[in-house]
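Residue numbers (my numbering), protein chains in the order written: chain A, 1 to 162; chain B, 163 to 325.
Accuracy of the hints is not assured; some may be wrong.
[Unchecked claim] Pairwise CB distance ranges (calculated): (1) 174(B) / 133(A): 53 to 59 Å; (2) 18(A) / 262(B): 22 to 28 Å; (3) 121(A) / 233(B): 40 to 46 Å.
[Said to hold, decoys possible] Some chain A residues flagged as far from chain B (calculated, every beta-carbon gap over 10 Å): (4) 35; (5) 128; (6) 144.
Hint data in this document are derived by calculation from the structure and do not stem from the laboratory.
C-beta: ideal position from N, C-alpha, C; glycine also.
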Amino acid sequence: MEFLDWLGASSLAHWVSENMLVYYTLLAGHAIGMGIVVGFVYMLSARVMGFGIDIPLTIFDRLYHLTWAAFGLNFATGILLFSANPRNLIVNPPFLLKLGFIAVGGVLLWALSRSLEGEPVAVSAGGTAASARSRTLALVTFLVWTAAIVSGRIIAYTVKYV
Amino acid sequence: MFDTSFLKPLHDSAISEAIRFSPWIFPTLETLHFIGLCLLVGAMMVVDFRLLGILRAGSVKSVLRLTHLAIVGFAINLLSGIGFFVSSPENYAQNPLFAAKMILVLLAGLNVLWFELAERQALVALPASAALPGRTRVVAGFSIALWLGIIVLGRFLPLLGIG
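Extracted from the complex, chain A is given alone in its bound form:
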């Protein structure tokens, strides 16, 4: 908790919380990063579940890097946004749930890509349904990332401001 007091009182936290232009720029960056990360998850899971089955799975390989870059953007903007109100966010259940969903969602995305690597070439080339294991992982990954968005939105309505 001492660390949170230090963070909340730091010049960085003041810069974020007292400068509306900075705060809204961070929110906008966080929204774009969300669109890329969750958008990637939505497209990959839709494809694995059978939507647009003619699209080769290899199209997602290059987007993986962009998605990681967007995840990095949201990690950075997330820490800065957190620094503006750390003591209240750390005890806010939707905030903690959101972090949990992101952690689980990240592991699931990794598990899904591992599962897809094990699929026959016919599946990644397109036109052939993925295994039940991959399709189930895709569905759960989709749901967990959606839950991260829902809990993230609830933060704004439940967290206390200093």
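Given the coordinates of chain A, assemble chain B onto it according to the supplied hints.
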């Protein structure tokens, strides 16, 4: 600011009050708006990068299937967005950032219309390995720039009034 008194009846309507005074309708609409955003951005990211040539796997025809998910995302955001507007019409109508956002949405719509009328038919006939014409890349570049601008303006709305 222009006269927004003609929106007063909408502001006083039962549906507007329902959204405004309910503790959960507005947050639910916001959550749907974010989910729609992800569907739209995800689909346009794959489609536009494929049209730009940054992604090369798959035929254009197969990748364009994802535009259906973009339409679903847009429909979710249009309906939830109408809900936001109805809850507080005069505030949105007086917010210049909202006007700017709607202009960009309109431009994005015209961009899609141009693509559908002038580009799609020729593109889906091309073999998967064919290079795409420069004008197709312009449409894809506009699409990415417009949607990013729309997200940024949307997030900045509260800076200049309620929204």
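Evaluated hints:
1. 174(B) / 133(A): 53 to 59 Å: holds, 55 Å
2. 18(A) / 262(B): 22 to 28 Å: holds, 26 Å
3. 121(A) / 233(B): 40 to 46 Å: Violated: the Cβ-Cβ distance is about 32 Å, outside 40 to 46 Å.
4. 35: Given that some Cβ of chain B is not farther than 10 Å from that of residue 35(A), nearest at about 3 Å, it is violated.
5. 128: About 13 Å separates residue 128(A) from the closest Cβ of chain B, which puts it past 10 Å; holds.
6. 144: holds, 13 Å
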